[in-house]
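Since chain P is already given, all that's left is putting chains B and S on it; use the hints.
Protein chains in written order, with this note's numbering: chain P, 1 to 307; chain B, 1001 to 1333; chain S, 2001 to 2273.
In case anyone wonders, no lab produced these hints; they're calculated from the structure.
Source: prediction; values computed, not measured.
Every residue, glycine too, gets a C-beta built ideally from N, C-alpha and C.
Don't take every hint at face value.
As the list claims (entries may be wrong) - For the chain B half of the interface with chain S, some residues (derived, Cβ under 10 Å), not all of them: (1) 1043; (2) 1044; (3) 1148; (4) 1150; (5) 1151; (6) 1218; (7) 1225; (8) 1232; (9) 1275; (10) 1279.
As the list claims (entries may be wrong) - Pairwise CB distance ranges (calculated): (11) P/156 to B/1165: 47 to 57 Å; (12) B/1237 to S/2180: 38 to 48 Å; (13) B/1162 to P/160: 26 to 36 Å; (14) B/1245 to P/129: 49 to 59 Å; (15) B/1162 to S/2027: 49 to 59 Å; (16) P/255 to B/1237: 41 to 51 Å; (17) P/236 to B/1040: 15 to 25 Å; (18) S/2266 to B/1165: 34 to 44 Å; (19) B/1006 to P/132: 54 to 64 Å; (20) S/2063 to B/1245: 31 to 41 Å; (21) B/1237 to S/2059: 30 to 40 Å; (22) B/1274 to S/2085: 34 to 44 Å; (23) S/2085 to B/1002: 40 to 50 Å.
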Amino acid sequence: MIPFHGRTRAGSNGTAVIAAVAAAVAVVLVLAGRPSAGASQPSGHPARIISVIPAVTEMLFAIGAGPQVVAVGSFDEYPPEAARLPRVGALLDPDVERILSLRPDLVIVYESQSDLRTQLARVGIGMFIYKHAGLADITTTISALGDRVGRQKEAAATRAAIEAKLNEIQARVQGRPRPRTALVFGRDAGALRGIYASGGVGFLHDMLDAAGGDNIFADVPRQSVQATTELMLARKPDAIVELRSSAVTEAQKTRELSVWKSLPGIPAVRSNRVTIVSDPRTVVPGPRVGDGTELIARALHPEAFPK
Amino acid sequence: MTIRRRFAMAMAVYGTLAAAAIVLAPLVGSTTIDLGRVFDFSTPFSENVDAQIFFVARLPRTLAGALVGAALASAGVVFQGLLRNPLATPFTLGVSAGAALGAMLAITFDWTLGIAGLSAVPAAAFLGATGAVSIVFALARARHRGLSTDVLLLAGVTLNAFFSALILMVQYFADFADSYRTLRWLMGDLDVSSYQPLLSALPLLVVAFAAFAWLARPLNLLSMGADSAETRGLEVASAQRRAFFSASLATGAAVSVGGPIGFIGIIVPHLVRLMVGSDHRVVLPASALFGAAFLVGCDVLARTLLAPVELPVGVITALIGGPFFLWLLVRKQ
Amino acid sequence: MLRAADVQFSYDTLAQPVLRRVSVTVPAGGFVGLLGPNGSGKTTLLRCLAGTLRPTAGRVTLDDVDLGTLSRPAIARRMAVVPQETRLAFDFSVLEVAVMGRYPHLGAFEIEGPADLALAREALAATGTAHLEQRAFTTLSGGEKQRVIIAAALAQIGGTRAAAGTILLLDEPTAALDLAYQLEIASLLRDLQRRVPISIVVSTHDLNFAAGLCRTLVLLRDGEVLADGATDDVLTPGRIKALYGVEADVQRHADAGHLVVVPLRRAKGGPAA
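Bound-form chain P, shown alone (with noise of 0.2 Å):
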């Protein structure tokens, strides 16, 4: 901020220290009014990254971009060194005058988030827009942020990672029977409500599709389904693989397993086929999708992978 000097001196000159102090306000509009002195579109390579996107601030990290990173979102957790910058909010609540106060050249948005967007258009702090959409749009999400922080060697490098993951989980899986599965990623503890499960489109979809699996959901054009009693009877799944972004104990897995007794009609309830996969790896579509998909793979395939 530009610093502010008027001082009213007490009794004489009101006026004209009235004047002075008008026109130093004037002075401080205009100035705020033009973009800052970094110019809208960095030459170089963006110095101070800020990311309110789990996903994109593991990507960043991963192509060797995390000393750049200067903040991040409310539930960035991995790597462990960005779970220990400062926070400026998520996809509801982005602080924009913390975003601000820490002077970055580049900002990872929501392309949703319309009001912060505008903001930062209105400084002149780049920006690089996140889309939330399928398996395939991670790989060319990391390239292209490859190539906004000049990192194009290691998004290479991150990404052929990561396609040489999936072409691994697809050839131990290839030939084998393909359950009908529910790829459930919400659901009140302790009960069947609010079930909602993975819909035909979206990066679950296509992580239930890589690990072997038939998405019981697949014809419903949605990223999201809410799956009841009567969907879940007329679908019958083979298989039901539950998704949980934090760890959960064992005695914890059993109770929740069991709550599915109360609908044997299930074909994935009557044969055992339940499970539950806790690990954040699943939920996030950023780098580590490869090991997310394989977790789910040996869910539904446990015979094709090494113990």
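Showing chains B and S alone in chain P's frame:
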């Protein structure tokens, strides 16, 4: 027409409506089922998908809709009588805000402890509702003249605002999925998938409905003013307390089963009064029956309009309720 | 007979008492007027007499039975109150309103029978509102509403078959009414008492209304009884000056047949002792 005749006619008409809704609703859904197979008892249940869909998915849901609809509609009538205001709803006094806070805490912090057959989220919702009711009642107790309905209203509105603020605060600790799930809970969800929540809520509702039966005549008297009612032989303070607690109990039980489904508590009483007059001895039971039919109907729409995707039932009641309200306002001119 | 003996009342234990040692007797078949300026305690006294307020000291008795020992329905069967204004929250019909007066006579789940309906209808007829039976109460004029409420109160104490010793209390019955309706209510009440042996208590600040109807008057000032007795004895210029701080002329009006008060000017120095 004497009141006896009006009561009998209302019971016949609305009772038939409710019964028809309950019988027909499980026949309809996003999946086609074969009725013959549903009732084919030779096939073991665990292999009879049609029977499972009918008896496990649809029937409990229909019954939940009937109970919740009856509870919210009749609680609406009682609150309107208590507050002497036809615009009062079961949620005016903060019951649903308390329930929402409870549910949100349970969802965000993954509570697993349930009580009396209710799983964590419904149990937390009910406790939240109870908490809100206690606070409002404590605030509204005037020093020596029983319950002041003005203070009750103010306390309820204030509590609504305060709990909403708390909910926003809990949002801060919630991750994206939790916020989404809480939002969906707020829109109502009747997919109980088992009879257990209904069995848990049933005793509470039976108590509440019994109390309502006793409150019908007192509510008639109260509509002329508390003082007038007193001079006509009503123990006003006791009647107001009974009305407040029984209606809150019905609302709390309903919200814990299906979430805070809006508009039923105000559309149904209005429509019923238009058709049967204002005598609470007819309006109360008629509203309960019509409320049951109405919510079951809304739930059928919710699960079939955009099949296989489901609309939250609260969205359907709002879509019907909003225009209805506008019409009411225009009519009053 | 309804009697208040040394009644004291405060709304708040710390506040000044609104009524101080007030004693009033309503004889059977009597027509008592409670007069006094705003804040004199008229309405409070009326509510104590009706049993809706419990005196903080002293007692109110109905036929020598303390009101505090009677249940509300028991009191309601003997005494009915007509408030100054009735605002109905919902659309009840006139007949429904009149029938509500019968509720104190019904058991817990008892429904009003043909006898109750007949009583309610007779009461409506007695107040000239029978033709409004099916109308919605909220659509009536002020005067019509008041007459319907009087009918309901009448039905409450037994209608045209009311027993002697039942009491009708009216709080400012003419305050919100046009002149024509005021006359109507006055003649209605007079007429009523001729036919049915009820006692009537009226709280009002309309001196002429009271003078025309009441046989005894109770003058209240600052929660104390200034004077009480036969209307002709109590309604004097001296008393009016003491009560209202107004110099007035009191004369017997030949045509009206009762005392008439004509206020002339404010008294110097306000209400005297």
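Verification of the supplied hints:
1. 1043: violated, 49 Å
2. 1044: violated, 49 Å
3. 1148: violated, 13 Å
4. 1150: Violated - the Cβ of residue 1150 of chain B stays beyond 10 Å from chain S, reaching only about 14 Å at its closest.
5. 1151: Since the shortest Cβ distance to chain S is 16 Å, the answer is violated.
6. 1218: Holds: closest Cβ of chain S sits about 9 Å from residue 1218 of chain B, inside 10 Å.
7. 1225: This hint holds: residue 1225 of chain B lies near chain S, its Cβ roughly 7 Å from the closest one there, short of 10 Å.
8. 1232: With a closest approach of 6 Å, the residue 1232 of chain B hint holds.
9. 1275: violated, 12 Å
10. 1279: Since the shortest Cβ distance to chain S is 6 Å, the answer is holds.
11. P/156 to B/1165: 47 to 57 Å: holds, 49 Å
12. B/1237 to S/2180: 38 to 48 Å: holds, 40 Å
13. B/1162 to P/160: 26 to 36 Å: violated, 55 Å
14. B/1245 to P/129: 49 to 59 Å: holds, 54 Å
15. B/1162 to S/2027: 49 to 59 Å: holds, 56 Å
16. P/255 to B/1237: 41 to 51 Å: With Cβ atoms ~47 Å apart, the hint holds.
17. P/236 to B/1040: 15 to 25 Å: Holds, at about 18 Å.
18. S/2266 to B/1165: 34 to 44 Å: With a Cβ separation near 56 Å, residue 2266 of chain S and residue 1165 of chain B fall outside 34 to 44 Å, so the hint is violated.
19. B/1006 to P/132: 54 to 64 Å: About 58 Å separates the Cβ atoms of residue 1006 of chain B and residue 132 of chain P, which means 54 to 64 Å holds.
20. S/2063 to B/1245: 31 to 41 Å: holds, 37 Å
21. B/1237 to S/2059: 30 to 40 Å: violated, 21 Å
22. B/1274 to S/2085: 34 to 44 Å: violated, 26 Å
23. S/2085 to B/1002: 40 to 50 Å: With a Cβ separation near 30 Å, residue 2085 of chain S and residue 1002 of chain B fall outside 40 to 50 Å, so the hint is violated.
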